[in-house]
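J.: So the protein lines, in turn, are chains A and B. Heads up: the first sequence runs through residues 45 to 329, numbered per my numbering. Heads up: the second sequence runs through residues 8 to 376, numbered per my numbering.
Some clues are possibly wrong.
Said to hold, decoys possible - Partner residues are not named here, just some residues of chain B that face chain A (Cβ under 7 Å, in silico): (1) Tyr20; (2) Phe59; (3) Pro79; (4) Met86; (5) Ala92; (6) His96; (7) Met109; (8) Arg110; (9) Ala113; (10) Ala115; (11) Tyr229; (12) Cys284.
Worth flagging that the hints you see were computed from the coordinates, not collected in a lab. Computed from a predicted structure; not experimentally measured. A virtual CB, placed ideally from N, CA and C, is assigned to each residue, including glycine.
Given next are the chains, with one letter for each unit.
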Amino acid sequence: MGKGGKSRHNVASLAVPATLTVAGILFLPLLMLFRISFNQYDRYDLMIETFTLSNYTEILTDSFYRSVLLRTFEVAVLSTAVTLALAFPVAYFVARAPARWKSLLIILTIFPLFVGNMVRAAGWMAIMGNQGFLNQILLKMGLIGTPIEILYTPSAVFVGIVAVVLPFMILSLQSVIEGIDPNLELAASNLGAGPLMTFRHVILPLALPGVLAGTVLVFILCMNAYAMPVLLGGPRFHVMAPQVYQQITGQSNWPFGGALAFILMMTTLILTFVSTSVIQRQYRP
Amino acid sequence: MKQVTLSHVGKTYGGVDAVHDFSLTVKQGELVALLGPSGCGKTTTLRMIAGFVLPTAGEIRIGQHNVTEMPPYRRSTGMVFQNYALFPHMTVSQNVGFGLEMRNVARADIKARVLEMLRLVHLDHLLDRYPRQLSGGQQQRVALARALAITPDVLLLDEPLSNLDAKLRHAVRIEIRQLQRKLGLTTIFVTHDQEEALAVADRLVVMNKGRIEQVGTPRELYDTPRTAFIADFMGRANFLRGYVSAPGTFLTQSGQRFYFSGSAPSSTSILSVRPDCIDLVPGDAAPKHPNVLSGIVRAITFLGPVNEVMIGSDTGQTISVHSRTASHDIASLKEGEPVRISWPVKASQILDASDWPDNEGRYKNRTED
Ligand SMILES: Nc1ncnc2c1ncn2[C@@H]1O[C@H](COP(=O)(O)OP(=O)(O)OP(=O)(O)O)[C@@H](O)[C@H]1O
Ligand SMILES: [Mg+2]
């Protein structure tokens, strides 16, 4: 524990400035917001420096915000689950693809990330709108008589979010599955395990670190989804992240927005922690 | 344990034959070694029997059943992989019990069988270890126990010893052989090490470029190889190119005359003589055998029980001679000095030269034309 100039040649000490900078970048805004969330909103002065829990109690007792939090949670859990189910086969396919196809497949997977969420949401609007691509097709095929409402429904938001987070899940899973020796699958099958049993007893347990990493990452992204709920959900669809934005820029109510942000963050953290420890315990060998 | 029959089995990958017209019957309780250079199709053949690779031609039977198109998990073959392929997230006993669990065997029976199998391979004290906590040799035995636990119809081993060090390899191959005899296991053993194959197998199948080159007992292949390829593969043989000039007489391209017994192809041939059949002729003593050749000692390499003497012979070719370290002949030998060698008539083996590739580095003792 060489404090001071004694450990000049300690390589680890070289990392200190960078670490501090990164920590500052990561945590300073959060700390600021955290402090602000205990201040009081004032219509004229906007913010009064104080220390009160009133913002938090207001949110937690208000049925509107409770329902927003619940809705956010529902959307995130469902999106994460569906994303996991969709991503696993794709990730497996990519991981086991011949080397010369693999880089192409990975590039295709991350290609959508080259475009921002807002732009992709706009793309979905063009597809889902009343005069949109999907309705046109369905009308042409005679499957429907009048345009059906797709845009501004929870389903639209759900599809949009899943599309955004899929690449992250696929990449997390693919990198782990790639590390699983294909001979293990052959060995399982040689010992009498059909494809389903091989998946359950060999691939899934060995892919678990990737499943956990992908699920956590995607769940956090879903909890904080902004563009898709706003643009595809319409004015009556409320989840947390747009509410925070709304409070801070719309109402200029920084303390309340800050408290909302912290409740969102804490909920996400707790849920992530609880679910990962449950999954991990279940699959501990 | 059952008999395994392959009839005209073939596998092509994108038009290239990995295995071609492979026919073989492995009898119940027999250990057959598939032997051949890298890429000759040994693994592919084994994987077709296990069901991992679908043949593009022919038929495979295990016992009376045609299993050609049957998925691997419906067959009952016990495979030991080259890298063992133990499940890293399962303990030794879970690994060994996996196949039984897939067969819905009762828990208590699984436990008993696992213990029995691990006793067989002397690992019953390591039940709860994970594969990463085992040595290579121990992992190898767990893999063997796992394959045997399901009482397979046939045991398939793909270079099971290649990841072990030389000493262990020797011990384990004896163990595998004893186990195979004791349990009467129908076994197919893939290796590219001819010594290993000779040591363990009832019969050898030597493969070359996807085809069977020769099938026979170790003795047959060693003593009467049919082709130069086999002779070369079975232990470093010396090859002299020439032709049969009269019955029992072989004339090399540089004019030396050698004698052999038995029949031989009359066209261009190769005379092969193994390094351990050749005697050094001491001083100016009379040679013991009618086949005599002189040359210059190029190098003497001590190999333990024998010395390998490389001789630049008058045929223009380097001849390898294995001389026992205990013999007196070797003591008087010096590099750069002239020497004579001789070998008996029956040590000369005349081989078909049609598969003699002139420009392949694999053949060490090529005639310099
Ligand atoms: N999946 C595959 N796709 C294309 N070619 C293959 C495939 N598997 C094997 N081959 C080819 O088939 C031939 C036989 O391969 P195989 O693995 O059976 O050889 P081997 O005798 O086991 O060699 P080694 O001693 O190196 O293990 C080789 O030329 C190999 O390149
Ligand atoms: Mg092989």
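J.: Now tell me if each hint is right for this structure.
T.: Against the structure, the hints:
| no. | hint | in the structure |
| --- | --- | --- |
| 1 | Tyr20 | violated, 12 Å |
| 2 | Phe59 | holds, 5 Å |
| 3 | Pro79 | holds, 4 Å |
| 4 | Met86 | holds, 5 Å |
| 5 | Ala92 | holds, 4 Å |
| 6 | His96 | holds, 5 Å |
| 7 | Met109 | holds, 4 Å |
| 8 | Arg110 | holds, 6 Å |
| 9 | Ala113 | violated, 16 Å |
| 10 | Ala115 | violated, 19 Å |
| 11 | Tyr229 | violated, 33 Å |
| 12 | Cys284 | violated, 43 Å |
Of the numbered hints listed earlier, those contradicted by the structure are 1, 9, 10, 11 and 12.
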